[in-house]
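Novice: Protein chains in written order, with the numbering used here: chain X, 1 to 202; chain R, 1 to 202.
Treat the hints with care, since some could be wrong.
The list treats identical chains as interchangeable, and a pair is accepted whether it falls inside one copy or across any two copies.
[To be verified] Straight line, CA to CA, 30 angstroms or less: simulated DSS-like cross-link-like pairs of lysine-lysine:
#, residue 1, residue 2
1, K163, K144
2, K144, K67
3, K2, K67
4, K2, K22
5, K15, K99
6, K190, K14
7, K163, K178
Hints in this document: simulated from the structure, not taken from any laboratory.
Below are the chains, spelled out letter by letter.
Protein chains: 2
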Amino acid sequence: MKIMIIGGKGTIGKKVSDHFSKKHDVLIAGRQSGDISVDITDSLSIESMFKSTGHVDAVVCIAGEAKWAAFDSMTEEDFYIGLRSKLMGQVNLVRFGQKYLNAGGSFTLSTGILADHPVDLTTSAAMVNGAIHSFVKAVSLELKNGIRINVVSSGLVEDAVDKYEAYFPGHNPIPMKKVVNGYVKSVEGKSTGEIIRMYDNC
Amino acid sequence: MKIMIIGGKGTIGKKVSDHFSKKHDVLIAGRQSGDISVDITDSLSIESMFKSTGHVDAVVCIAGEAKWAAFDSMTEEDFYIGLRSKLMGQVNLVRFGQKYLNAGGSFTLSTGILADHPVDLTTSAAMVNGAIHSFVKAVSLELKNGIRINVVSSGLVEDAVDKYEAYFPGHNPIPMKKVVNGYVKSVEGKSTGEIIRMYDNC
Chain X
1 MKIMIIGGKG TIGKKVSDHF SKKHDVLIAG RQSGDISVDI TDSLSIESMF KSTGHVDAVV
61 CIAGEAKWAA FDSMTEEDFY IGLRSKLMGQ VNLVRFGQKY LNAGGSFTLS TGILADHPVD
121 LTTSAAMVNG AIHSFVKAVS LELKNGIRIN VVSSGLVEDA VDKYEAYFPG HNPIPMKKVV
181 NGYVKSVEGK STGEIIRMYD NC
Chain R
1 MKIMIIGGKG TIGKKVSDHF SKKHDVLIAG RQSGDISVDI TDSLSIESMF KSTGHVDAVV
61 CIAGEAKWAA FDSMTEEDFY IGLRSKLMGQ VNLVRFGQKY LNAGGSFTLS TGILADHPVD
121 LTTSAAMVNG AIHSFVKAVS LELKNGIRIN VVSSGLVEDA VDKYEAYFPG HNPIPMKKVV
181 NGYVKSVEGK STGEIIRMYD NC
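Input sequences plus hints: build the corresponding full structure.
Specialist: What follows is the structure, given as structure tokens:
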């Protein structure tokens with residue numbers, strides 16, 4: 001399979017890319033690194049990425065940001081950071097990518113446990129993740145040519161514990177091997193419209 | 001209680017307003033009708049509404065729109081209709097309204113069954129509804145002064161069957177009395193961070 005991984009050099013992305021590279025042809029796209037440059041907040045950049053790569057069998061997105069801050073300090077514009085990046089960035093990948101996926105191909109998007117179990121400071125991040133969960137269910141009803149779409153929603157991942165554990169009191173870290181398996185289930189499995197939850201205490 | 005109902009003249013809104021008016025002081029806000037004029041897509045309009053009404057005990061929002069269309073015909077801008085209206089409109093009601101709710105007061109937002117059980121043509125509407133579900137869970141952790149927030153997510157409501165039943169094959173209509181009870185549970189109950197699902201076949 002030819003698999004395009006947007007964000008394939010990030011904390012989760014590099015483990016996912018390493019795994020898929022063992023038996024597939026992996027193309028890594030990223031804002032500052034990888035084989036192809038893409039800024040997912042810019043739909044023209046997404047379109048140009050697909051034009052340069054041509055057809056693929058799977059698109060995996062492990063990219064996108066949202067602002068973490070106290071709700072009473074968040075401006076309207078702060079919310080739009082996540083709406084333009086992690087939310088519409090992933091929606092636009094599907095909008096443009098549907099024309100570049102081979103029949104039977106798949107999209108795998110990424111969210112996180114905040115959609116279901118938010119913590120302090122995450123009104124924007126939770127909102128964006130929840131939006132993608134419902135979007136994936138809805139768009140799976142409409143994609144053509146047997147194209148599938150799923151989303152992997154991980155808890156606090158093992159490799160990000162040092163950076164994030166203070167924000168996730170009592171959350172059990174998710175081993176990277178399990179996180180990678182979420183993506184494998186989506187790309188190599190047959191399901192569509194699935195929210196693949198990799199959580200460990202809820 | 002002094003209850004502000006945004007969208008209090010709509011299909012669901014008028015039943016909710018009629019019910020609460022029996023024992024509470026109800027103020028209706030709307031784009032074109034009601035006691036106060038408000039355009040929830042415009043945060044300045046929201047702020048000005050609260051300045052003119054002063055403090056209230058409950059804010060209920062049954063307003064906001066999102067575009068229904070085939071996914072492969074949706075532009076990026078089409079998605080922003082729902083993001084600016086039903087999503088950020090309700091988020092901004094909470095952002096500004098938190099300063100105008102009396103201690104122990106409540107917000108009740110509105111979504112719909114598409115968040116969990118989308119139908120054809122609803123990628124944008126489903127997305128916005130799912131976003132609000134996760135937002136409500138997240139922001140309930142941060143609101144101060146005992147302020148609560150819940151969201152009512154109804155299935156196809158009885159009074160909208162004529163207009164929408166063709167889009168919801170096999171969905172059992174939800175009696176208006178049950179829909180109204182969703183809002184009563186939020187406003188007169190004690191829960192917070194709750195998604196009050198009024199569904200009948202899932």
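Novice: Each hint should be assessed against the structure and marked as holding or not.
Specialist: Against the structure, the hints:
1. K163 <-> K144: between (40 angstroms within a copy, 28 angstroms between copies)
2. K144 <-> K67: between (34 angstroms within a copy, 21 angstroms between copies)
3. K2 <-> K67: neither (33 angstroms within a copy, 34 angstroms between copies)
4. K2 <-> K22: The answer is within: 12 angstroms in one copy meets 30 angstroms, while 63 angstroms across copies does not.
5. K15 <-> K99: within (27 angstroms within a copy, 45 angstroms between copies)
6. K190 <-> K14: Classified as within: same-chain Cα gap 24 angstroms, cross-chain 45 angstroms, threshold 30 angstroms.
7. K163 <-> K178: Classified as within; 19 angstroms inside a copy, 46 angstroms across copies.
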